[in-house]
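Numbering (mature numbering (1 follows the signal peptide of the UniProt record, and there is no 0)), first residue to last: -24 to -1, 1 to 132.
It is possible that part of the hints are untrue.
In silico DSS-like pairs for lysine-lysine, Cα to Cα no more than 27 Å straight-line [to be verified]:
#	residue 1	residue 2
1	K11	K76
2	K11	K50
3	K11	K55
4	K11	K42
5	K76	K50
6	K76	K104
7	K76	K55
8	K76	K48
9	K104	K11
10	K50	K104
Keep in mind the hints are simulated off the structure, nothing from the lab.
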Amino acid sequence: MTGEWTTASLLLVAILLLIPTTNAIGKDEEKENEKTKLVVVTNNHTNYLSIRCFSFDDEFNVIHLKPWAQFKFKVHVRKIYPSATMFNCSTNMGTFVAYKFNYLCSEDTYESCDWRFDEENVYRWDPKMNTWYSYNYDPNYESLTRGGVIKGYFAN
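Kindly generate the complete structure, drawing on both the sequences and the hints.
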(Lines of atoms letter the chains of each structure in order from A and count residues from 1; the text may use other names and numbers.)
(Lines give C-alpha, C1' and ligand atoms only; values in the text may rest on other atoms or scores of the structure.)
Protein backbone atom coordinates (compact mmCIF):
# COMPACT_ATOMS: atom_id res chain seq x y z
CA MET A 1 0.00 0.00 0.00
CA THR A 2 2.87 2.35 0.70
CA GLY A 3 4.22 1.77 -2.79
CA GLU A 4 0.88 2.65 -4.36
CA TRP A 5 0.63 5.78 -2.18
CA THR A 6 4.14 6.86 -3.18
CA THR A 7 3.41 6.27 -6.86
CA ALA A 8 0.14 8.20 -6.67
CA SER A 9 1.83 11.06 -4.80
CA LEU A 10 4.64 11.30 -7.34
CA LEU A 11 2.14 11.25 -10.19
CA LEU A 12 0.13 14.05 -8.54
CA VAL A 13 3.27 16.15 -7.99
CA ALA A 14 4.33 15.63 -11.62
CA ILE A 15 0.92 16.75 -12.87
CA LEU A 16 0.94 19.83 -10.63
CA LEU A 17 4.42 20.77 -11.83
CA LEU A 18 3.48 20.24 -15.47
CA ILE A 19 0.42 22.54 -15.42
CA PRO A 20 2.28 25.83 -14.67
CA THR A 21 5.01 24.89 -17.17
CA THR A 22 2.56 24.42 -20.04
CA ASN A 23 0.71 27.57 -19.01
CA ALA A 24 3.95 29.59 -19.12
CA ILE A 25 4.84 28.14 -22.52
CA GLY A 26 1.38 29.02 -23.81
CA LYS A 27 1.71 32.65 -22.65
CA ASP A 28 5.04 33.06 -24.48
CA GLU A 29 3.57 31.65 -27.67
CA GLU A 30 0.54 33.89 -27.22
CA LYS A 31 2.74 37.01 -27.10
CA GLU A 32 4.57 35.94 -30.27
CA ASN A 33 1.28 35.45 -32.12
CA GLU A 34 -0.29 38.64 -30.76
CA LYS A 35 -1.48 41.05 -33.44
CA THR A 36 -0.06 44.54 -33.13
CA LYS A 37 -0.67 47.67 -35.15
CA LEU A 38 1.65 50.66 -35.40
CA VAL A 39 0.10 54.09 -34.84
CA VAL A 40 2.04 57.16 -36.00
CA VAL A 41 0.98 60.60 -34.75
CA THR A 42 2.64 63.69 -36.29
CA ASN A 43 2.61 67.28 -35.05
CA ASN A 44 1.15 69.14 -38.03
CA HIS A 45 1.70 72.57 -36.46
CA THR A 46 4.57 75.08 -36.67
CA ASN A 47 5.09 75.06 -32.87
CA TYR A 48 5.52 72.56 -30.06
CA LEU A 49 2.38 70.61 -29.17
CA SER A 50 1.85 68.06 -26.41
CA ILE A 51 0.08 64.72 -26.68
CA ARG A 52 -0.62 61.74 -24.45
CA CYS A 53 -2.05 58.47 -25.74
CA PHE A 54 -3.82 55.82 -23.68
CA SER A 55 -6.21 52.89 -23.67
CA PHE A 56 -7.82 50.97 -20.86
CA ASP A 57 -4.81 48.62 -20.84
CA ASP A 58 -1.85 50.91 -21.58
CA GLU A 59 -0.90 54.54 -21.31
CA PHE A 60 2.10 56.65 -22.22
CA ASN A 61 3.57 59.78 -20.69
CA VAL A 62 3.00 63.22 -22.15
CA ILE A 63 5.17 63.78 -25.22
CA HIS A 64 6.15 67.28 -26.36
CA LEU A 65 6.54 67.21 -30.13
CA LYS A 66 8.47 69.73 -32.18
CA PRO A 67 6.95 70.77 -35.53
CA TRP A 68 6.60 67.70 -37.79
CA ALA A 69 7.97 65.41 -35.08
CA GLN A 70 6.35 62.00 -34.73
CA PHE A 71 5.25 59.81 -31.85
CA LYS A 72 4.93 56.10 -32.66
CA PHE A 73 3.43 53.35 -30.54
CA LYS A 74 2.12 49.82 -31.01
CA VAL A 75 -1.41 48.81 -30.17
CA HIS A 76 -1.88 45.22 -28.99
CA VAL A 77 -5.13 44.00 -30.54
CA ARG A 78 -7.20 41.86 -28.19
CA LYS A 79 -7.78 38.26 -29.27
CA ILE A 80 -11.16 38.03 -27.56
CA TYR A 81 -13.42 40.86 -28.71
CA PRO A 82 -10.90 42.65 -30.97
CA SER A 83 -13.63 45.26 -31.48
CA ALA A 84 -12.98 46.36 -27.88
CA THR A 85 -9.43 47.43 -28.80
CA MET A 86 -9.30 51.21 -28.86
CA PHE A 87 -6.57 53.80 -28.27
CA ASN A 88 -7.24 57.47 -27.52
CA CYS A 89 -4.88 60.41 -27.78
CA SER A 90 -5.34 63.59 -25.77
CA THR A 91 -4.01 67.02 -26.69
CA ASN A 92 -4.52 70.46 -25.19
CA MET A 93 -7.28 71.00 -27.78
CA GLY A 94 -9.24 67.78 -27.18
CA THR A 95 -9.11 64.03 -27.78
CA PHE A 96 -9.34 61.71 -30.76
CA VAL A 97 -9.51 57.96 -31.24
CA ALA A 98 -6.16 56.98 -32.75
CA TYR A 99 -6.98 53.30 -33.20
CA LYS A 100 -10.30 51.53 -33.58
CA PHE A 101 -11.05 48.08 -34.98
CA ASN A 102 -13.14 49.38 -37.89
CA TYR A 103 -10.59 51.86 -39.26
CA LEU A 104 -9.34 50.86 -42.68
CA CYS A 105 -5.76 51.12 -41.46
CA SER A 106 -6.43 48.38 -38.86
CA GLU A 107 -6.49 45.76 -41.61
CA ASP A 108 -3.41 43.56 -41.99
CA THR A 109 -2.64 44.93 -45.46
CA TYR A 110 -1.71 48.33 -44.03
CA GLU A 111 1.48 48.91 -42.07
CA SER A 112 0.25 51.69 -39.78
CA CYS A 113 -2.52 54.08 -38.79
CA ASP A 114 -1.26 57.60 -39.50
CA TRP A 115 -2.51 60.79 -37.87
CA ARG A 116 -1.60 64.47 -37.92
CA PHE A 117 -2.79 66.99 -35.39
CA ASP A 118 -2.63 70.75 -34.90
CA GLU A 119 -4.46 73.33 -32.80
CA GLU A 120 -7.58 73.26 -35.01
CA ASN A 121 -8.20 69.66 -36.13
CA VAL A 122 -6.89 66.15 -36.29
CA TYR A 123 -6.33 64.39 -39.63
CA ARG A 124 -6.45 60.66 -40.43
CA TRP A 125 -4.73 59.19 -43.48
CA ASP A 126 -6.96 57.05 -45.68
CA PRO A 127 -4.64 54.56 -47.40
CA LYS A 128 -7.25 53.55 -49.96
CA MET A 129 -8.02 57.09 -51.14
CA ASN A 130 -4.48 58.42 -50.52
CA THR A 131 -5.79 61.51 -48.77
CA TRP A 132 -6.02 63.10 -45.30
CA TYR A 133 -9.48 63.46 -43.73
CA SER A 134 -10.11 66.18 -41.18
CA TYR A 135 -11.90 65.50 -37.87
CA ASN A 136 -12.93 67.80 -35.06
CA TYR A 137 -11.52 67.06 -31.64
CA ASP A 138 -13.78 65.43 -29.08
CA PRO A 139 -14.02 67.25 -25.75
CA ASN A 140 -11.42 66.29 -23.17
CA TYR A 141 -13.91 64.74 -20.71
CA GLU A 142 -12.50 61.21 -20.65
CA SER A 143 -8.87 62.24 -20.71
CA LEU A 144 -9.39 64.75 -17.91
CA THR A 145 -10.63 62.01 -15.59
CA ARG A 146 -7.49 60.04 -16.43
CA GLY A 147 -5.06 62.96 -16.13
CA GLY A 148 -5.51 64.75 -19.46
CA VAL A 149 -2.49 66.38 -21.00
CA ILE A 150 -0.46 67.55 -18.07
CA LYS A 151 2.73 69.58 -18.23
CA GLY A 152 1.74 70.42 -21.79
CA TYR A 153 2.50 73.69 -23.46
CA PHE A 154 1.78 75.57 -26.64
CA ALA A 155 4.14 78.27 -27.88
CA ASN A 156 3.36 80.83 -30.56
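Each hint tested on the structure:
1. K11 / K76: Distance of about 14 Å is within 27 Å: holds.
2. K11 / K50: Holds. K11 to K50 sits at ~10 Å (cutoff 27 Å).
3. K11 / K55: 8 Å, holds
4. K11 / K42: Since the Cα atoms of K11 and K42 sit roughly 30 Å apart, the hinted pair is violated (cutoff 27 Å).
5. K76 / K50: Given that 27 Å is the threshold and the Cα spacing comes to 13 Å, the pair holds.
6. K76 / K104: 17 Å, holds
7. K76 / K55: 14 Å, holds
8. K76 / K48: 16 Å, holds
9. K104 / K11: 22 Å, holds
10. K50 / K104: Within the cut-off at roughly 21 Å; holds.
The earlier numbered hint that this structure contradicts is number 4, and it is the only one.
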